[in-house]
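Sequences are here, hints too, so could you generate the full structure?
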Amino acid sequence: MIDHLVYATPDLDATVADLARQGLTLSPGGAHDGRGTRNALADLGGGAYLEVIGPDQDQPEPAAPRPFGVDGLREPRLVAWAVRVTDLDAAVAGARSQGYDPGDAQYMARLRGDGVRLAWRLTPMPATGPAVVPFLIAWGDTEHPSLSAAHGARLASFTAFHPDPPAVREHLVAVGVTDVPVERAPAPALRAVIETPAGPVELA
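Under the working numbering, the first residue of the sequence shown carries the number 3, and numbering increases by one thereafter.
Honestly, the hints are just simulated from the structure, not real lab data.
Note that beta-carbon positions come from the ideal geometry of N, C-alpha and C, so glycine has one too.
Incorrect hints may appear among the rest.
Said to hold, decoys possible - Across the chosen pairs, the derived CB separations fall in these ranges:
1) Ser159 with Arg23: 32 to 40 Å
2) Arg23 with Arg186: 31 to 39 Å
3) Pro67 with Pro168: 25 to 33 Å
4) Met3 with Gln61: 17 to 25 Å
5) Ala206 with Gly105: 23 to 31 Å
6) Pro188 with Arg76: 18 to 26 Å
7) Met3 with Gln100: 16 to 24 Å
Structure (structure tokens):
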């Protein structure tokens, strides 16, 4: 199942304000210490959520580039998505047995604004986007971020685009995804339509 969509931006506060004007309310998430980023979240229903991620001006410049190509962005962009699994090691092994390698699992953690520590395991996040094949994530015993995210929105549709849809579909099947459409396009892209109380908001 879709765990979350990643909307990266060069200016988190400005993007959160812009989405709020369109009717999509987000709540503060937390900082990714050492990575130079922080996020804001919106519940999308069905156990999924939207992560808006951007530079954290309260952190020093990180030693490595910020994830998802944040440093090179001039405007917000839907850059990645994650699929939730229960057993990450088994999911990675299963994907590899079908010819797709999602990468080795790694640990991450952050503190919520209320001091609650969230910890999870995931396969490598894309250095840049848009990445039409998702990374995998397992939350273990940690409370899922969608539960504390701002509510009121719903993911109406999510579509991937790529010059070679059949190849992408093979990789999606390898990570257990069969319900995300992949359409032919000149370049990789992602598009989500989110229903809000003020009407639909499209992210791409």
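Against the structure, the hints:
The hinted range of 32 to 40 Å is not satisfied by Ser159 and Arg23, whose Cβ atoms lie roughly 22 Å apart. At about 33 Å, the beta-carbon gap between Arg23 and Arg186 stays in the expected band of 31 to 39 Å. The supplied range of 25 to 33 Å is met by Pro67 and Pro168, whose beta-carbon atoms lie about 32 Å from each other. Taken as a hint, the range 17 to 25 Å is violated for the pair Met3 and Gln61, whose Cβ atoms sit roughly 32 Å apart.
Range check, Ala206 to Gly105: about 25 Å between beta-carbon atoms, so the 23 to 31 Å window is met. As the Cβ distance of Pro188 to Arg76 is approximately 20 Å, the hint placing it in 18 to 26 Å holds. For Met3 and Gln100, the Cβ-Cβ distance of about 19 Å falls inside the hinted range of 16 to 24 Å, so the restraint holds.
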